[in-house]
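Chains as they are written, first to last, in our numbering: chain A, 1 to 210; chain B, 1 to 182.
Hints may be right or wrong, so weigh each one.
[Stated by the list, open to error] Calculated pairs, DSS-like style, for lysine-lysine (alpha carbon to alpha carbon, straight line, at most 30 angstroms): (1) B/Lys-25 / A/Lys-165; (2) A/Lys-203 / B/Lys-153; (3) B/Lys-153 / B/Lys-25; (4) A/Lys-203 / A/Lys-107; (5) B/Lys-122 / A/Lys-107; (6) A/Lys-179 / A/Lys-31; (7) A/Lys-165 / A/Lys-31; (8) B/Lys-20 / A/Lys-107; (9) B/Lys-25 / A/Lys-107; (10) A/Lys-15 / A/Lys-184; (11) B/Lys-25 / A/Lys-203; (12) A/Lys-31 / A/Lys-15; (13) A/Lys-203 / B/Lys-20.
It should be emphasised that the hints constitute simulated quantities derived from the structure, not laboratory data.
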Amino acid sequence: MTAKSTGAIGAHNAKVMNRLELTRRLVGQLKRDEAVIGGIGNANFDLWASGQRPQNFYMLGSMGLAIPISLGVAIAQPRRHVLALEGDGSLLMQLGCLSTVAQQAPKNLTIIVWDNGMYQITGGQPTTSATTADLVGIARASGIANSAWAADEAEFDRLVTTALKGEGPSLIAARIDGKPGAEKIERDPVQIRERFMRGLGVKGQGVSNQ
Amino acid sequence: MNNPVTHATTWHETVHATLKANNVKLAVYVPDRVLTPLIKSLHDDPFFTTFATTREEEALGIVSGAWMGGLHGAVLMQTSGFATIPNALASLVVPCQIPALIFVSERGTLGEFNLGQAMVCKTMRPVLNSLAVENITITRQDELAFILDRSIKQAVATQAPVTFILSPLLTGGKVFNPGMRA
Numbered sequence: 001m002t003a004k005s006t007g008a009i010g011a012h013n014a015k016v017m018n019r020l021e022l023t024r025r026l027v028g029q030l031k032r033d034e035a036v037i038g039g040i041g042n043a044n045f046d047l048w049a050s051g052q053r054p055q056n057f058y059m060l061g062s063m064g065l066a067i068p069i070s071l072g073v074a075i076a077q078p079r080r081h082v083l084a085l086e087g088d089g090s091l092l093m094q095l096g097c098l099s100t101v102a103q104q105a106p107k108n109l110t111i112i113v114w115d116n117g118m119y120q121i122t123g124g125q126p127t128t129s130a131t132t133a134d135l136v137g138i139a140r141a142s143g144i145a146n147s148a149w150a151a152d153e154a155e156f157d158r159l160v161t162t163a164l165k166g167e168g169p170s171l172i173a174a175r176i177d178g179k180p181g182a183e184k185i186e187r188d189p190v191q192i193r194e195r196f197m198r199g200l201g202v203k204g205q206g207v208s209n210q
Numbered sequence: 001m002n003n004p005v006t007h008a009t010t011w012h013e014t015v016h017a018t019l020k021a022n023n024v025k026l027a028v029y030v031p032d033r034v035l036t037p038l039i040k041s042l043h044d045d046p047f048f049t050t051f052a053t054t055r056e057e058e059a060l061g062i063v064s065g066a067w068m069g070g071l072h073g074a075v076l077m078q079t080s081g082f083a084t085i086p087n088a089l090a091s092l093v094v095p096c097q098i099p100a101l102i103f104v105s106e107r108g109t110l111g112e113f114n115l116g117q118a119m120v121c122k123t124m125r126p127v128l129n130s131l132a133v134e135n136i137t138i139t140r141q142d143e144l145a146f147i148l149d150r151s152i153k154q155a156v157a158t159q160a161p162v163t164f165i166l167s168p169l170l171t172g173g174k175v176f177n178p179g180m181r182a
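Sequences and hints are given; from them, build the entire structure.
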């Protein structure tokens, strides 16, 4: 196995980065109307702050379902790349979905995990990833072989570039600091869903009238 | 005319044919003994993308994403699994107006032997009613195709989820066996 496929960097020696900066770097690489599903809380807030693309979906609740929602979009639209942005606490709530993703193996799905080792939005209580759980190790053991910690910003960029080429599924985990999300989203679920469907080219083509 | 809906003779053939007739191409499930012949026939038909998830709320998330991507899907589960999905219903499917099709194989009534199933069964309809989620208990084969076909069309037209509770009167249910534990 090569260092690239197994990931040379472990969580312990990955640089602690900033979610907003990484989200902006990520969005800056999206040139083909890729769909992005933001998990609840700070993953969403920084996605919103990085520019409100019509191909972004912002979850309001349903903690843990960013990856399943992304898998659904990826199955429905195999030619569009889909990215899930999920926090460590949310992922830990729905670990089984990693094995489902691995088994379905959509080439067009990338999972981004923001790991600050805490339930930040509820007061900073520690998650198990702060001490004992390795989310990349869990992802690999679930069958997503292409899972890696980003050592620093430059490697994060490279991993995203590789993932967007469509040989997924892949998972990129980044250790992040405790800064809260930059902006709150507008919590209007119908508008969010409607805009997302139009952004994906679904509405306006008669699907809802079938 | 050889219409697969009208020629269906069993409940699972009718469900299969009605989903197909309504262009519902995705079926995601957490397994259930009673649903086994339906799940098998969906797996055997390449028209459908069919797979199991680890948890029922995961299945609802997948079907929600697929709908937004232009693919209509159904979720299959048994009664006990319903208890895992109220959060996904209340904070995703209902507020986002997603016409998820939820099939529940009804346990907990008409000869249930497992108290755990019976208790969840008692909570299922009150939860659905309090969320104003359309729910229909289906007991008769001669009504099944009509109910499914009309309700799937209504779900899409009104952008609202619908729950089909498949009664043991329809499916035969899971029969008590004195040697059986679960």
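Here is how each hint holds up against the structure:
For the hint pairing B/Lys-25 with A/Lys-165, the CA-to-CA distance comes to about 27 angstroms; that is within 30 angstroms, so the pair holds. A threshold of 30 angstroms between alpha carbons decides the hint, and for A/Lys-203 with B/Lys-153 the separation of about 17 angstroms falls inside it, so the pair holds. Proposed proximity of B/Lys-153 and B/Lys-25 is supported: the alpha carbons are some 15 angstroms apart, at most 30 angstroms. Taken as a hint, the A/Lys-203 and A/Lys-107 pair is honoured in the structure, with Cα atoms around 24 angstroms apart against an allowance of 30 angstroms.
Taking the CA atoms of B/Lys-122 and A/Lys-107, the gap is about 42 angstroms. The hint is violated against a cut of 30 angstroms. About 28 angstroms separates the Cα atoms of A/Lys-179 and A/Lys-31, which keeps this hinted pair within 30 angstroms; it holds. Between the alpha carbons of A/Lys-165 and A/Lys-31 the distance comes to roughly 12 angstroms, so the proposed pair stays at or under 30 angstroms and holds. Between the alpha carbons of B/Lys-20 and A/Lys-107 the distance comes to roughly 26 angstroms, so the proposed pair stays at or under 30 angstroms and holds.
Taking the CA atoms of B/Lys-25 and A/Lys-107, the gap is near 20 angstroms; set against the 30 angstroms cutoff, the hint holds. Only pairs whose Cα atoms come within 30 angstroms are accepted, and A/Lys-15 paired with A/Lys-184 is accepted, the gap being roughly 26 angstroms. With a C-alpha separation of about 18 angstroms, the suggested pair B/Lys-25 and A/Lys-203 falls inside the 30 angstroms cut-off, and the hint holds. Simply put, A/Lys-31 and A/Lys-15 have alpha-carbon atoms about 27 angstroms apart, close enough for the 30 angstroms limit, and the pair holds.
Taking the CA atoms of A/Lys-203 and B/Lys-20, the gap is about 22 angstroms. The hint holds against a cut of 30 angstroms.
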